[in-house]
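Listed here are the chains, written in short residue letters.
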Amino acid sequence: MKNQNMSIVFAGVGGQGVILASDLLAEVALIHGIDVKKAEVHGMAQRGGSVISYVKFGDKVLSPIVEKKSADILCSFEPLEAIRYIDFLRDDGYAILNTTKNFPLTSIFGKIPYPEKPAEVVAKFTNKVYEIDALKIALELKVPNVVNVILLGTISQLLPFSDDEWIQAIQKKVKAKFVDINKEAFKRGKEAIKFN
Amino acid sequence: MIKEVLTGNEAIARGAYEAGLAFASAYPGTPSTEILENISKYKEIYAEWSPNEKVAYEVAYGAALAGGRALAAMKHVGVNVAADPLMTSAYTGINAGMILVSADDPSMHSSQNEQDNRRFAFFAKIPCLEPSDSQEAKDFTKLALEISEQFDTPVMLRVTTRVCHSKSIVTLEDRKEATYKEYKRDFVKYCMLPTSARVRRVELEKRLEKLREYSNNTPINRIEMSKTDMGIITSGISYQHSKEAFPEASIPKIGMSNPMPDKLIREFAKKVKKLYVVEELEPYMEEFIKMMGIEVIGKEVIPNIGELTSDIVRNAILGKKVKYEVPEIPARPPILCPGCSHRGFFTVANKLRLIVLGDIGCYTLGAYEPLNAIETCLCMGASVSQAVGFAKAYKGEKKGKVVAAIGDSTFIHSGITPLIDAVYNKANVVICILDNGTTAMTGHQEHPGTGKTLKGEDTVRLDLVKLCESIGVPHVRVANPNNLKETETALKEELAFDGPSVIVFRAPCVVRDRSTWKKPLKVIADKCPACGLCFKIGCPAIIKDKDGKAVIDPILCIGCDICAQVCRMDAIVKSE
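Residue numbers (the numbering used here), protein chains in the order written: chain A, 1 to 196; chain B, 1 to 576.
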């Protein structure tokens, strides 16, 4: 039986669909019938800046913000952002990295370069690092912006919710004409990685 | 019973709806914006974007006087703008219920300061309610309207970013229509001439005493009794953090923090061995408790800068210093989007080595690397006023090269009055209105210059050019910021003109208007000399390859053409 009390951190770059992903996860927890909270910041931060969203679910959730070293899963839409928020992941937590790189302007003008192999940096903090090229799958589906639902499909294997509950959440949060493609994206994400 | 996962802002809107609200107004501002966006979906409630927060507060006050329940929402700094009517509305009281939602932003996620507006509620002598999650955000909105009518006073609902933008589960109820409260002429109550203000001043103090009694007895100020070793007095989101950090502590949860419940706190203090107060930002409750002569630990250990989390609270109280190592990586601050219409203006401003006095909006991001163009940012509209000050007092080497840059929505908010000042007092200024046809930074809200209302109805479109001309600005012109030559000519000519001038740099926000998108550009590698000129426009779609040459990301590029205009080798071309 999977844990019913979990903390998930989503990271990425403004405009990547991080917030819809955490919205869907909060929705599926509600459908499952447990307590849930999620938090992120809107406004200025979203203009191409770094984005972090927290989701906590369980019997009773108090603070909406995940504590440092306590997230069960860090799901990053962009590899560099996984490193930025690695201190939220607990030592044996899962790090899921979408491999599409997005180079911040500071990596062109600043002194610190974009790391050559971000996954290796993350691997210093946890031995459960998984990489997925979600954009490739999305492009195969001819819809680049379903990367977020593909990644949800991937991490769904680690979460205590049934496929039926996920489909209900997708039907509730996604516009009717996009429901089928999102269901397909979810399925493809789920098949993309097998966790040990 | 329907349950939904709602943000605090959605929950406030729902609460307003359920409580039979008749009128709502706001000027957009993070983290408050979505309150009105959500209220506007209810057809039963009149809802408007006002030009600024002072107007938003006053129209809501007018509606409350007229007999309909009203709400005005704004970010914390918006309350500064609305402070004038706020302070005196506490004297007059209202008729039907009225709420001021103050959305504070501890940690300044999207703000220029992190002022604690509970101080404003105390200053104005009005009740202050502090919800700690979305269910309370809804419940307290309804309660605030009841308190408002029971005690004849505006009520502040004080929320913070982590309440506004966090989601949690809320139980929905039906709308209950509020009784229309007929307006009756009452000169002494509503017309604050000195003679009547002196009468109301006494009423204000009497009301405050009654409210303190209420605060001591209201169920939203409650004691969650557990072990007696430790007590934590807390309010708002800090309650959630404290309860998570110390599940066995006894907690007086303060839902109404002005007036503070003195009796409740005194009784509680006797029951616990060690007493803490955990609150974000100012030692607001702490000062009150200490003035009562009660021994309490607060800002001695709890940070007064930035927002709290459960781990910050735990480590602060236990005296633990914890630091987590994160590898050094490039920062990722927010940036102007690919194709942003502000980029052309900043590129030319840099070429001409101008001092650009900035304002509040997306264009403030022009202050960051590599543009480094904006030099100041104070508050809404201040760029225009600062330009007047510079025109009169600046004697430095860049004299004659100082301009103000202000967005269309910000200009309408509070740039018009200082422009009148510039004309009236004959200041030699160049005011650049960066008109992208929307309130972009807060998520593309309508404003008087867009010709649409919050409800999506067509309305009269404020003509910025005619407005500036009618003020008496002798030179008013429109230029396309995506055309660098046109932008340069406009700036040079107006800087040379002796007298106030306005240039409206007009091009739509590309995030909002996708019809402006063209095919992505590409770099002909053989022609690219790796000079780095195109990197300096700060476009996220332009990446540097191993040889220092430019590469354009076809997914991000929308073909705005600014990079091609700065390239001296014609190496950037349209892709087929």
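Keep in mind that the hints are not guaranteed to be accurate.
Claimed, not checked - Quick list of in silico lysine to any residue cross-link-like pairs, SDA-like style, CA-CA up to 20 Å:
#  : chain 1 : residue 1 : chain 2 : residue 2
1  : B       : 546       : A       : 106
2  : B       : 426       : B       : 473
3  : A       : 69        : B       : 315
4  : B       : 549       : B       : 518
5  : A       : 68        : B       : 318
6  : B       : 3         : A       : 59
7  : B       : 351       : B       : 568
8  : B       : 351       : B       : 466
9  : B       : 351       : B       : 535
10 : A       : 68        : B       : 327
11 : A       : 136       : B       : 535
12 : B       : 323       : A       : 92
13 : B       : 398       : B       : 424
14 : A       : 173       : B       : 318
15 : B       : 399       : B       : 321
16 : B       : 3         : A       : 31
17 : B       : 43        : B       : 456
18 : A       : 172       : B       : 41
19 : B       : 274       : B       : 305
20 : B       : 351       : B       : 195
These are calculated hints, taken from the structure and not from any lab test.
Hinted pair residue 172 of chain A and residue 41 of chain B, Cα distance within 20 Å: holds (18 Å)
Residue 398 of chain B paired with residue 424 of chain B [C-alpha distance capped at 20 Å]: violated (24 Å)
Pair hint residue 549 of chain B and residue 518 of chain B, alpha-carbon separation not exceeding 20 Å: violated (23 Å)
Agreement of residue 3 of chain B and residue 31 of chain A with the hint, judged by alpha carbon distance not exceeding 20 Å: holds (10 Å)
Proposed proximity, residue 466 of chain B with residue 351 of chain B (alpha carbon, max 20 Å): Given pair residue 351 of chain B, residue 466 of chain B is violated - Cα atoms ~30 Å apart, limit 20 Å.
Residue 351 of chain B paired with residue 195 of chain B [C-alpha distance capped at 20 Å]: violated (60 Å)
Agreement of residue 69 of chain A and residue 315 of chain B with the hint, judged by alpha carbon distance not exceeding 20 Å: Cα-Cα ~14 Å, so holds.
Proposed proximity, residue 92 of chain A with residue 323 of chain B (alpha carbon, max 20 Å): holds (19 Å)
Pair hint residue 173 of chain A and residue 318 of chain B, alpha-carbon separation not exceeding 20 Å: violated (42 Å)
Distance restraint between residue 3 of chain B and residue 59 of chain A, which requires alpha-carbon spacing of 20 Å or less: Within the cut-off at roughly 16 Å; holds.
Pair hint residue 426 of chain B and residue 473 of chain B, alpha-carbon separation not exceeding 20 Å: Holds, at roughly 10 Å.
20 Å limit on alpha-carbon distance, applied to hinted pair residue 68 of chain A and residue 318 of chain B: Cα-Cα ~16 Å, so holds.
Hints 4, 8, 11, 13, 14, 15, 19, 20 from the list above are not met by this structure, while the remaining hints are.
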